[in-house]
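Asks: From first to last, the protein sequence lines stand for chains U and S.
Residue 223 in numbering that gives the first Met the number 0 is what sits at position 224 of the first sequence, and the numbering runs on without skipping anything.
Residue 51 in numbering that gives the first Met the number 0 is what sits at position 52 of the second sequence, and the numbering runs on without skipping anything.
Don't take each hint at face value.
As the list claims (entries may be wrong) - Short, incomplete list of chain S residues facing chain U, as computed with Cβ under 8 Å: (1) Glu42; (2) Met45; (3) Leu48; (4) Ser51; (5) Leu53; (6) Ala58; (7) Gly59; (8) Ala62; (9) Phe147; (10) Thr154; (11) Leu158; (12) Leu198; (13) Leu202.
Unchecked claim - Derived coverage of chain U by chain S (criterion: at least 3 residues anywhere in the stretch with Cβ under 8 Å from a Cβ of chain S; other residues may be distant): (14) 230 to 237; (15) 248 to 254; (16) 409 to 416.
None of these hints come from the bench; they were simulated from the model.
Note that CB positions come from ideal geometry on N, CA and C, so glycine has one too.
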Amino acid sequence: MKYQTQKIALAYFAVAMALFAVQVTMGLVLGYIYISPNFLAEILPFNVGRMLHTNSLVVWLLLGFFGAAYYLIPEESEREIHSPMLAYLQLAIFVLGTAGVVVTYLFNLFDGNFVLGNEGREFIEQPRWVKVGIVVAALIFLYNISMTVLAGKKTAITNILLLGLWILSLLFLFAFVNPDNLALDKMYWWYIVHLWVEGTWELVMASILAFLMLKLTGVDREVVEKWLYVIAALALFSGILGTGHHYLWIGTPGYWQWIGSIFSTMEVVPFFAMMSFAFVMVWKGRRDHPNKAALLWSLGCGTLAFFGAGVWGFLHTLHGVNYYTHGTQITAAHGHLAFYGAYVCLNLAIISYAMPVLRGRDPYNQVLNMASFWLMSGGVVFMTFTLTFAGTVQTHLQRVNGEAYMDVQDQLWIFYAMRFGSGVAVVLGAILFIYAVTMPRKEVIERGLETPAE
Amino acid sequence: MTALHSLSFSQVSSGGPGGDAPPASPSAQAPDRPDPFDKLPGEFMMWVLIVSELLVFGAGLVAFLALRITDPTGFAEAQSHLHRVGAGINTIALVTSGWLAALAVQAVEAGRIARMRTLLAPAAALGMVFLVLKASEYADLAAAGISFETHAFFTFHILLTGFHAAHVLAGIVLLALVGILARPRAVETGAAFWHMVDLVWVLLFPVVYLL
Chain U
0 MKYQTQKIAL AYFAVAMALF AVQVTMGLVL GYIYISPNFL AEILPFNVGR
50 MLHTNSLVVW LLLGFFGAAY YLIPEESERE IHSPMLAYLQ LAIFVLGTAG
100 VVVTYLFNLF DGNFVLGNEG REFIEQPRWV KVGIVVAALI FLYNISMTVL
150 AGKKTAITNI LLLGLWILSL LFLFAFVNPD NLALDKMYWW YIVHLWVEGT
200 WELVMASILA FLMLKLTGVD REVVEKWLYV IAALALFSGI LGTGHHYLWI
250 GTPGYWQWIG SIFSTMEVVP FFAMMSFAFV MVWKGRRDHP NKAALLWSLG
300 CGTLAFFGAG VWGFLHTLHG VNYYTHGTQI TAAHGHLAFY GAYVCLNLAI
350 ISYAMPVLRG RDPYNQVLNM ASFWLMSGGV VFMTFTLTFA GTVQTHLQRV
400 NGEAYMDVQD QLWIFYAMRF GSGVAVVLGA ILFIYAVTMP RKEVIERGLE
450 TPAE
Chain S
0 MTALHSLSFS QVSSGGPGGD APPASPSAQA PDRPDPFDKL PGEFMMWVLI
50 VSELLVFGAG LVAFLALRIT DPTGFAEAQS HLHRVGAGIN TIALVTSGWL
100 AALAVQAVEA GRIARMRTLL APAAALGMVF LVLKASEYAD LAAAGISFET
150 HAFFTFHILL TGFHAAHVLA GIVLLALVGI LARPRAVETG AAFWHMVDLV
200 WVLLFPVVYL L
């Protein structure tokens with residue numbers, strides 16, 4: 000570790016991984032409710048569990064991004080972070096806000112209260128005081144990293160990362176726009192939900208991937224930067240008007256069906272570019288970096304993001320298709336693989352890369368970490384397939400044949416049972432990952448004799 | 000083992016531990032071949048944009064043609080409300096403007112800045128002519144009570160030509176900017192965008208107005 004303030008990332012990654020554990024555990028509980036619907040019905044209603052599952056996902060991914068920024072910005076801009084104290088204050092605000100959210104959701108406190116109560120808007124349910132806290136923490140973060148970058152070297156990686164994080168934070172301000180008209184509410188709501196995951200987060204993803212490729216493959220910075228700019232441009236070109244694929248049936252004018260279908264189809268392109276980028280860099284690069292686990296996660300990120308976000312997204316994005324599949328398990332299949340591939344793998348890649356450095360340990364051969372990749376990824380991919388099949392059957396029975404929702408749900412039981420099994424694999428994989436990056440102090444498997452790579 | 004490794008940490012501290020070797024030397028890389036993209040005139044990113052735009056307009060045209068198959072008479076009836084002559088004049092305006100922009104590139108590459116500017120100015124002015132005619136067409140349609148929702152034909156007509164008109168406007172701004180900058184690479188980039196706007200119109204005109 001060249002810069003002492005990179006250590007800040009350790010605290011962020013630790014909290015992120017703790018929330019990751021909470022998120023997947025909650026996922027497992029929800030998966031069980033699907034096969035035994037009265038499970039915990041009195042203590043933890045499904046909607047509350049789902050809020051915790053999705054909210055903890057978003058928060059831990061964001062904390063991972065912040066940690067990644069605190070880790071890579073000193074190295075890129077060749078400066079210590081402007082103020083470590085502010086960075087820890089920012090984390091403290093996030094932890095407090097998260098705790099507040101969990102307690103508010105679990106016990107349904109202050110229901111209806113303007114400041115303290117759950118706002119009831121999917122994914123941005125957070126009580127207003129937490130939202131204000133998020134904005135304050137985001138401002139602290141932006142100030143801190145912008146000051147660092149402004150004082151130091153500006154690279155394509157820091158430029159795109161900052162661009163992504165700035166727009167991401169500004170878009171969150173729409174969380175305070177809550178019109179009475181439900182169609183308008185949804186319209187602004189997507190400014191956050193869509194323009195994050197299919198816009199600004201892609202910029203963050205591309206820049207973190209670029210940093211990892213630079214370090215792991217040793218390809219010239221110039222080459223990495225060219226890819227990065229192209230990916231960023233493609234993401235914004237397709238992603239901004241791609242928002243239209245959420246405006247198909249919410250009461251917005253009909254032309255959105257075509258804008259949404261065409262531009263969101265283009266959204267496959269940046270994800271394909273990111274996958275190609277990762278593989279081309281590995282082929283071109285001649286550096287034999289010992290941290291194979293970080294490389295595995297990076298390649299897995301590009302690949303699974305392309306399939307989850309790109310292919311599975313395209314599967315139901317055309318409005319003629321979506322007319323039938325909207326809100327079925329097809330959506331759930333896409334959501335799980337897209338978030339896992341694009342953002343979970345990305346965070347686990349940078350964590351796998353940074354943790355050995357932050358903790359002053361060798362990056363061993365990280366066999367446990369790599370095993371966790373296959374276990375977790377296998378689990379999520381299996382889950383994606385079971386949900387896709389469930390969604391296909393559901394679409395036919397419910398939307399084509401017109402059977403009642405709950406009658407159809409009964410017939411999907413076998414898929415939900417299989418999904419629960421894959422969920423167990425994911426949770427075990429997550430535990431194994433956390434163990435692998437925190438506990439072992441020496442190699443689990445000794446390295447064999449060196450043989451020439453070619 | 001661990002001790003040995005931790006010793007090596009301090010030695011490669013420049014790249015950070017974790018085995019980061021110092022930046023790979025050029026010899027460690029594959030031999031550099033000339034990048035084929037470097038041969039493109041203007042900025043590379045402009046070509047990324049141009050290809051993306053062509054994909055979007057292409058997809059729009061394909062969707063339009065596919066829908067037309069389902070309702071040929073409805074599409075023909077709707078099309079009869081359009082000004083074909085006006086659109087024809089617009090085609091001449093844009094193609095001429097593209098020719099002027101191409102001449103401007105030649106001029107700036109020969110170092111003749113003043114000539115480049117006297118060519119780009121009418122190129123941009125013809126873009127304005129296009130927009131004025133386009134606006135009058137939209138105004139006539141609106142006066143006839145025709146909107147996005149009237150028929151699938153008009154949804155596409157307004158989406159495709161509306162998006163295109165927005166690009167004409169952007170192109171005029173871009174031509175003005177590169178005219179002021181007066182660097183060959185910048186003018187090439189601006190002209191490349193302008194030719195794309197031209198090309199898209201030359202595809203839209205027959206498909207939307209004539210077929």
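Asks: Examine the region 409 to 416 of chain U: at least three residues should have C-beta closer than 8 Å to a C-beta of chain S.
Replies: Not satisfied, violated; 0 residues make the cut.
Asks: Holds or violated: the region 230 to 237 of chain U covered by chain S, criterion of 3 or more residues with Cβ-Cβ distance under 8 Å?
Replies: holds (count 4)
Asks: How about Met45 of chain S: closest beta carbon in chain U under 8 Å, or not?
Replies: 10 Å, violated
Asks: Does Glu42 of chain S hold up as a contact with chain U if the rule is Cβ-Cβ below 8 Å?
Replies: With Cβ-Cβ at 10 Å, over 8 Å, it is violated.
Asks: Count the residues of the region 248 to 254 of chain U whose Cβ falls closer than 8 Å to any Cβ of chain S, and tell me whether that reaches three.
Replies: holds (count 3)
Asks: Closer than 8 Å between Cβ atoms is the bar; does Leu53 of chain S clear it against chain U? Give me holds or violated.
Replies: Leu53 of chain S check fails; min Cβ-Cβ to chain U is 11 Å, beyond 8 Å.
Asks: Is the interface hint for Leu198 of chain S satisfied, with its Cβ closer than 8 Å to some Cβ of chain U?
Replies: At about 18 Å, which exceeds the 8 Å cut-off, the nearest Cβ of chain U leaves the hint on Leu198 of chain S violated.
Asks: Against chain U, is Leu48 of chain S within 8 Å by beta-carbon distance?
Replies: Since chain U brings a Cβ to about 7 Å from Leu48 of chain S, closer than 8 Å, the hint holds.
Asks: Taking 8 Å as the limit, does the beta-carbon of Ala62 of chain S come near enough to a beta-carbon in chain U?
Replies: 7 Å, holds
Asks: Please verify that hint: Leu202 of chain S, Cβ, nearest Cβ of chain U, below 8 Å or not.
Replies: 15 Å, violated
Asks: Per the CB criterion, is Gly59 of chain S less than 8 Å away from chain U?
Replies: Hint holds; Gly59 of chain S Cβ to chain U Cβ min 6 Å, cut 8 Å.
Asks: Hint check: is the beta carbon of Ala58 of chain S less than 8 Å from a beta carbon of chain U?
Replies: Since chain U brings a Cβ to about 5 Å from Ala58 of chain S, closer than 8 Å, the hint holds.
The structure is inconsistent with the numbered hints 1, 2, 5, 12, 13 and 16, although it conforms to all the rest.
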